[in-house]
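**Q** Top to bottom, those sequences are chains X and L. Take the first sequence: its letters are residues 44 to 463, numbered as in my numbering. Take the second sequence: its letters are residues 44 to 463, numbered as in my numbering.
Keep in mind the hints are simulated off the structure, nothing from the lab. Hints may contain errors.
Which copy is meant is left open, so a pair is good if it fits within one copy or across any two.
[Said to hold, decoys possible] Here are the simulated EDC-like cross-link-like pairs (lysine to aspartate or glutamate), alpha carbons at most 16 angstroms apart as the crow flies:
| # | residue 1 | residue 2 |
| --- | --- | --- |
| 1 | 302 | 124 |
| 2 | 302 | 367 |
| 3 | 455 | 246 |
| 4 | 455 | 249 |
Quantities reported herein were computed from a predicted structural model and do not represent experimental measurements.
2 protein chains.
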Amino acid sequence: MTAVVSRSASPASALVCRNCGAEYPLGPQHACFECFGPLEIGYDPSALARVTRADVTAGPSSIWRYAGFLPVGQDPSTRVDSGTGMTPLIRADRLADELGFTAPVWVKDDSANPTHSFKDRVVSVAITAARELGFDRIACASTGNLANSVAAHAARTGMASIVFIPADLEPAKIVQTAVYGGTLVAVEGSYDDVNRLCSELAETDEFESTAFVNVNVRPYYAEGSKTLGFEVAEQLGWRLPAQYVAPMASGSMLTKIHKGFKELIGTGLVPSSPWRVFGAQSAGCSPIATAFAAGQDVVRPVRPTGIAKSLNIGNPADGPYALDAVRSTGGSMASVTDDEIRAGIALLARTTGVFAETAGGVTVAVLKKLAESGQLDTTAETVVFNTGDGLKTVDAVGAGVGPTAVIRPTVKGMREAGLL
Amino acid sequence: MTAVVSRSASPASALVCRNCGAEYPLGPQHACFECFGPLEIGYDPSALARVTRADVTAGPSSIWRYAGFLPVGQDPSTRVDSGTGMTPLIRADRLADELGFTAPVWVKDDSANPTHSFKDRVVSVAITAARELGFDRIACASTGNLANSVAAHAARTGMASIVFIPADLEPAKIVQTAVYGGTLVAVEGSYDDVNRLCSELAETDEFESTAFVNVNVRPYYAEGSKTLGFEVAEQLGWRLPAQYVAPMASGSMLTKIHKGFKELIGTGLVPSSPWRVFGAQSAGCSPIATAFAAGQDVVRPVRPTGIAKSLNIGNPADGPYALDAVRSTGGSMASVTDDEIRAGIALLARTTGVFAETAGGVTVAVLKKLAESGQLDTTAETVVFNTGDGLKTVDAVGAGVGPTAVIRPTVKGMREAGLL
């Protein structure tokens, strides 16, 4: 009798400490009992190796086509599928021209997700995991985009939610969270204060059945970002780009794209080819880029300032892993000022028609800076990740961006304004 | 020798006057020389009848999978494909429950389009047509969403643009237009004033090579809205819903969905089944709904007020055709107040996770009103069209929508706020 391996079994095999390698059974745990290091999902390599391109392309037009690489959601009926993922990969020839690239530049535009940021990916996976693990409420600490996504997905599924944000967030992000009707707690403090509070609350009896997406179910949550890497490879015709530039807040997303590329090669879904990883931060919050420039492995916490609020994590949990991804591939990091961020938003908008939030402005400004300095190879194919939507940070760019002219409603008014 | 019909030939055969039926060759004309009636695209029925479901599903995941029903874009290399279309059709069970529906209610969510409104559909078709017709600049009069979309598509394609808006538009819509770098003209007046100015400008020598998407290429432009109807039918498994509710500004979109349903039946892509059409307006601008209630065929212009600015067209060009679609199917129309609009936005958000702009609030509030009055059949499958994104009209809903509590960053702070 032959053992029949179900196509719907999870390829995840354990929780693995990223620090010491200790293994634990799959479950709602995020820190190593041995060394307090962060845990991530470990996979059975033979299970991953069974995934074929045909499996992927036969799946839905969402992140769940990659269920074979995710810890949960193999049974479609268990998935929270909000239509997240398979966002456009836009060939940005006019951007490439302006920056002197002779190779293609692509923009992976995650503002196309349901709540208009890449966070819908991690939340889709986290809330699917939370339901499987028996939680009855979903929660998060957020710089805004995650808040929007958690509240929206909770509303969609009918799950209770409680979302924690710094009180000084952009108004659009506050309204877009509150409108979904869950509990929204504005905390007088920085994101790092909010995150610390959530870690404390996660240990209380009252929150025993609450899944904090970026605390107690973080190993599941973080895997959602791998789908950005998978989709880019598929959209390029099953191959990897030579370079990518990604923004860094906690550093998790950049790291997981890198992990995704490695998994694609490991399973034979794409041919092996080298790639270099580049990280982008704002000057107002650049702890990882600062450590990179200093050649250090330890990321020293900072108190964030500046307009790129969605990246304002002063004590980035995945900083060391982001440093490792960049250094091990021969990439680089840079940070940019608020004025450069605004210019980056405008550059992307007028060359590609993509209106990015401040984090996207950071990434494009860093693309420009690293291309000009020669650290990015302008003869090598490059992917830039836009992780959020300009409509969420209108105030940050709004002051200098307005009508060309204000006229009376007549042809004469047009002439007087020099437009005719 | 057999005549080989190219799969890439346009199925469009003529411009046809919707008033007197006169026919004209395809080109940049929008009004009948005989009776001044509006022109629309006429098709060769045998060409439409050649389109198969397999043709559609083999196409891209965008509106262009329906090129066989559109006047332009049969050759993929001519298309402006921004990834518009194939937006989610969301089964809204919790919304249905609240409103007492026993049949499924679906939300067709066009906030998922690139610039987050249904206008990306009409602009994709209009700009593709404009290029084929030899125009070198694209223009529009807009209540906001169209402005966003025209400016973004112009930036994407590198085409020059000039966009006209009422000066009092929502700030987010102004910024999201200006950021793309085209010419943006703010006009001191209503949308109807802006539209009249554009009609005058379209006749000037200086604008001879400018395509006003909703003036001189309007017959092409308007066809883009049919794809909303096509996608709904495909997403339901190639069948029509029994009822749909759509917002009305000019009345064009509601009318074109109806036309799309008729074409699907005419070509045999879906089985013939009856459907009823329902139109939604705001109390601040309800010229079509007012004519419907009065049993009149003539739509009397009004001066618009109220928060649903994207619907504030006081002199709606397609009003008579919208009245006809609704009356001929046994549907109805209603209008709702600003408070009902805000409640509609909140109702949709907390039951489905979809954050709509004010126009979506109008539609959901009308859904509720017509269900309560018995004019909508709550035992019949119903599709509601959300045409835009809440992030564009944050100020309209923001006042009453905010955090549950503001606390200090401590567990004690949580207790004091009664959250623990």
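**Q** Is it within, between, both or neither when you check residue 302 against residue 367 at 16 angstroms Cα-Cα?
**A** Answer is within: at 12 angstroms inside a copy they meet the 16 angstroms cutoff, but 57 angstroms across does not.
**Q** Tell me, please, which holds for residue 302 and residue 124 at an alpha-carbon limit of 16 angstroms: within, between, both or neither?
**A** neither (23 angstroms within a copy, 31 angstroms between copies)
**Q** As a check of your reading, is residue 455 near residue 246 (CA-CA no more than 16 angstroms) within one copy, between copies, both or neither?
**A** between (69 angstroms within a copy, 14 angstroms between copies)
**Q** Within a copy, between copies, both or neither: which one fits residue 455 and residue 249 at a CA-CA cutoff of 16 angstroms?
**A** between (68 angstroms within a copy, 13 angstroms between copies)
Checked against the numbered hints given earlier, the structure breaks only hint 1 and satisfies all the rest.
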